[in-house]
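K.L.:
The residues making up each chain are set out below.
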Amino acid sequence: MSNIELSNVEPAATAVASDQGQQNGAPSATRAPSRLGQNGLQLLSWLAPNTLVIAWELLAQAGWLSPQVLPAPSKIMRTAFKLISSGSLLDDLGISLLRAVAGFAIGSAVGFTLVGFSRIAEAVVDRSVQMIRAIPFLALLPLVIVWLGVGEAEKIFLVALGVTFPIYINTVLGIRQVDPKLIELGRIQGLGAFKLIRRIILPGALPSILTGVRYALATAWLALVVAETIGAQSGIGFLAMDAREFLRTDVIVLTIVIYALIGVAADAIARVLERRLLAWHPNYGAAR
Amino acid sequence: MNVHVAPSHASAAGSGPAVVVSNLTRAYGKRIVIEKLNLRIERGEFVALLGESGCGKTTLLRVLAGRDPIQGGRINAPRRPAVVFQEHRLLPWDNLWRNVALGLQIPDARERAAEALAEVGLDDWPRNLSGGQAQRVALARALVQQPELLLLDEPFAALDALTRIRMHELVRELIASHRPGVLLVTHDVDEAITLADRILVMRSGAIAFEHRASDATSISRIDLLAELGVTSSPPLN
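For the record, the sequence lines run as chains E and W.
Start counting at 1 in the first sequence, then tack on 79, and there's your number in this note's numbering.
Start counting at 1 in the second sequence, then tack on 3, and there's your number in this note's numbering.
The set of hints was computed from the structure by calculation and includes no laboratory data.
By construction, the Cβ of each residue, glycine as well, lies at the ideal position given by its N, Cα and C atoms.
It is possible that part of the hints are untrue.
[Claimed, not checked] Partial selection, computed: residues in chain E whose CB lies under 10 Å from chain W: (1) Leu264; (2) Gly269; (3) Ala272; (4) Ala349; (5) Leu352; (6) Arg355.
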């Protein structure tokens with residue numbers, strides 16, 4: 080599929096593109112080449128985090144860091160292998176992921192449905208959603224526990240709640256940013272409401288929708304951590320709270336590392352989605 | 004009041020008017036932009052519409068395209084007209100044939116789009132389109148609809164001089180073979196003289212001047228500029 084790229088586009092046609100950031104990866108291209116070269120700079124950027132981990136390991140080995148406060152990285156690795164081989168870590172991880180996926184699916188479906196794709200739907204829904212959005216969703220936790228207890232429903236509900244708003248808000252924003260000239264063109268070409276949404280409004284709003292997905296992945300994870308920290312019988316959060324009872328700092332740090340790794344993985348998934356779905360877009364396209 | 008689009012009685016292949024406008028009035032609130040305008044464009048006829056900014060020519064085009072409501076009069080057009088704008092308005096997320104086939108509701112839309120692209124000289128689907136090429140695609144997208152009325156809203160204004168001349172040739176050929184009625188809104192007096200069978204000058208919401216290419220006396224650039232209110236223009240050619 081050869082998608083169209085325009086070498087001299089008018090400002091109107093790139094309105095969506097131009098307010099999302101710089102054009103065509105200009106910053107790296109225009110920056111003066113350093114004496115170290117690209118690879119040298121790459122190595123340098125990894126120097127600080129590696130030094131930090133080595134220093135942490137050495138301080139722990141020397142006994143300057145109490146294992147109760149911060150166990151050595153090597154100790155955490157050993158704990159990870161032990162928990163993996165016993166199977167408990169993977170079980171808990173699976174349960175946490177399942178909760179996240181279920182909550183994300185429900186929340187994004189609700190957020191997307193609320194958009195409604197019409198001015199009437201916007202008039203009915205938008206003000207209420209914007210008002211509810213003013214509440215930090217974690218503040219609803221006590222209420223959610225009263226409604227649903229501390230079971231699976233409460234955890235999935237909380238994740239869904241955190242996902243709904245970023246999806247809704249960014250989709251609405253994306254639709255507002257679609258070039259009205261393209262919508263007018265669609266009408267002139269005789270597109271009906273459904274085709275107009277599918278051929279012009281959704282693709283035009285997609286950059287913003289995917290930004291919403293990325294935010295939603297982050298809040299889904301945050302919601303899950305909070306939900307699992309409070310009254311869970313399984314999951315990564317449960318692992319951490321259980322370890323706290325026995326002062327197993329190594330397990331606690333391990334769970335934090337796992338949360339971080341999953342966050343990175345979620346972000347990578349969002350990036351892949353952007354590259355594949357926005358290949359036509361000068362700011363996201365893989366070829367640029 | 005809404006736009007009246009009544010079906011034509013003339014057969015699709017025959018001649019007959021592409022559009023008949025009678026006593027058209029368009030106002031924004033109390034400000035009247037077009038007042039009791041009459042216009043008839045035959046199939047295969049190329050009409051150029053000149054006028055100063057704000058004289059109502061773009062409004063007339065929008066009304067004919069069915070994008071604006073009217074406050075009085077009638078528009079009789081056989082079918083939905085096709086429009087080419089000053090900007091190409093191509094969908095950057097779709098490839099060329101999908102752009103051309105946008106809104107085309109026939110089973111062999113893809114082949115028809117490819118044919119239309121070949122007609123405008125773009126069969127090899129370039130990845131990077133120049134301004135002129137993008138405008139050719141826009142032209143293909145309009146013509147593939149087989150319009151009986153083609154509205155051109157300054158489609159060559161953003162092109163460089165050489166590209167514009169090539170586009171003039173192309174448009175002339177395409178109009179000769181497809182024979183839609185054409186209304187070209189332009190600021191370019193020379194373009195109007197080169198392309199049009201009939202030149203209209205619009206002033207404050209009405210047609211103030213009309214010239215046919217078939218008239219015994221040909222019209223000069225200077226005369227036409229005078230009609231547009233440019234009297235002290237330096238002698239050119």
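K.L.:
Hint check: is the beta carbon of E/Arg355 less than 10 Å from a beta carbon of chain W?
P.N.:
violated (12 Å)
K.L.:
Return the status of the interface hint for E/Gly269: holds when the least beta-carbon distance to chain W is below 10 Å, violated otherwise.
P.N.:
Holds. Min distance 5 Å.
K.L.:
Against chain W, is E/Leu264 within 10 Å by beta-carbon distance?
P.N.:
Result: holds, 4 Å to nearest chain W Cβ.
K.L.:
For the hint on E/Ala272, does the least C-beta distance to chain W fall short of 10 Å?
P.N.:
Check failed: Cβ of E/Ala272 comes no nearer than 13 Å to chain W, outside 10 Å.
K.L.:
Can E/Ala349 be said to touch chain W, with a Cβ gap under 10 Å?
P.N.:
violated (19 Å)
K.L.:
Min Cβ distance, E/Leu352 to chain W: is it shorter than 10 Å?
P.N.:
violated (15 Å)
In the structure shown, a violation is registered for the earlier hints numbered 3, 4, 5, 6, in ascending order.
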